Amino acid sequence: MWLSSVKFINCQSRQDLQQPKLASTGLIEVSLARVHLATIMKKIEAIIRHHKLDAVKEALMGAGIQGMTVAETRGYGGQHASPEVYRGAEYAVDFLPRVKVEVLVDDHECDAAVGVIAKAARTGQVGDGRIMVSKIEEVVRVRTGESGASAL
Amino acid sequence: MKKVEAIIRHFKLEEVKDALTEAGVTGMTVSEVRGFGRQKGHKEHYRGAEYSVDFLPKAKMEVVVGDHQAKLVIDTIIRTARTGQIGDGKIFVTDLEEMVRIRTGESGDEAL
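Protein chains in written order, with my numbering: chain A, 513 to 664; chain B, 282 to 393.
Chain A extracted, bound-state conformation:
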């Protein structure tokens, strides 16, 4: 990735490109090229308890990560056998209500974001949920059609 940026510089300084005046702003060009080449986007999906949603949101905003999508889900995991009390009602072996939070981040923010979510969502009790990370091939902002890192 760095090599390609360097090649890009050389290309600029030799004024091989059709727009020679860009050569003088070579630095800007290079930084743009680097962002474009380096951007690997990740989707973090976290299944968490409802009452931890605000804490997770605040923590992510504190870490400079903007934007999230939240959905109501139901599920079960390792706690399958043990009943759980939720809002006064006891839920047996079945699906328990949870929220799913989806966040799109740049690759270099990913580990930090996962850590932030895990810390904020933890109660230490069985049923705290899971965090899943997968690679996203493309992100497009619907309003403008921007894609990649600028659409995050």
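In short, the hints are calculated from the structure, not lab data.
Since this is a predicted model, take the numbers as computed values, not measurements.
The beta-carbon is built from N, C-alpha and C at its ideal position, and this holds for glycine as well.
In silico BS3-like pairs for lysine-lysine, Cα to Cα no more than 27 Å straight-line: (1) B:K341 - B:K284; (2) B:K352 - B:K371; (3) B:K283 - A:K631; (4) A:K612 - B:K283; (5) A:K555 - B:K298; (6) B:K341 - B:K352; (7) B:K371 - A:K612; (8) B:K352 - B:K284; (9) A:K612 - A:K555; (10) B:K341 - A:K555; (11) A:K569 - B:K341; (12) A:K631 - A:K612; (13) B:K284 - A:K612; (14) A:K569 - B:K284; (15) B:K284 - A:K631; (16) A:K647 - B:K283; (17) A:K569 - A:K631; (18) A:K612 - B:K298; (19) B:K341 - A:K647; (20) B:K371 - B:K283; (21) B:K283 - A:K555; (22) B:K352 - A:K555; (23) A:K647 - B:K371; (24) A:K555 - B:K284; (25) B:K284 - A:K647; (26) B:K341 - A:K612; (27) B:K352 - A:K612; (28) B:K371 - B:K341; (29) B:K371 - A:K555; (30) A:K555 - A:K631.
Not close to chain A: a few residues of chain B, all C-beta gaps over 10 Å, as computed: (31) I288; (32) H291; (33) G347; (34) A351; (35) D356; (36) G368.
Keeping the supplied structure of chain A fixed, place chain B upon it in accordance with the hints.
Structure of chain B alone, referenced to chain A:
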């Protein structure tokens, strides 16, 4: 690790869940979703007026399993969620890079 997402009919959910539990899958997440596929929804009569129902309610279930279990999970879902009628749903499989159990911070296969 693979994430298997399946869009299925609501009334098949319990059946699929039981079959997956029997197959050794210990967790899943389910959401209410709406969608349409090849049948493009259908027309429905309600109080004399014709409505075209674009988005039909379905259940989306997500299961995360190790690579070697993915095939078994997919086959199990296909077998139990099928009615043979249009609208049985779809199954999507994606690669999952990482999985973290929030309570303990364990990651990878230990978090499954």
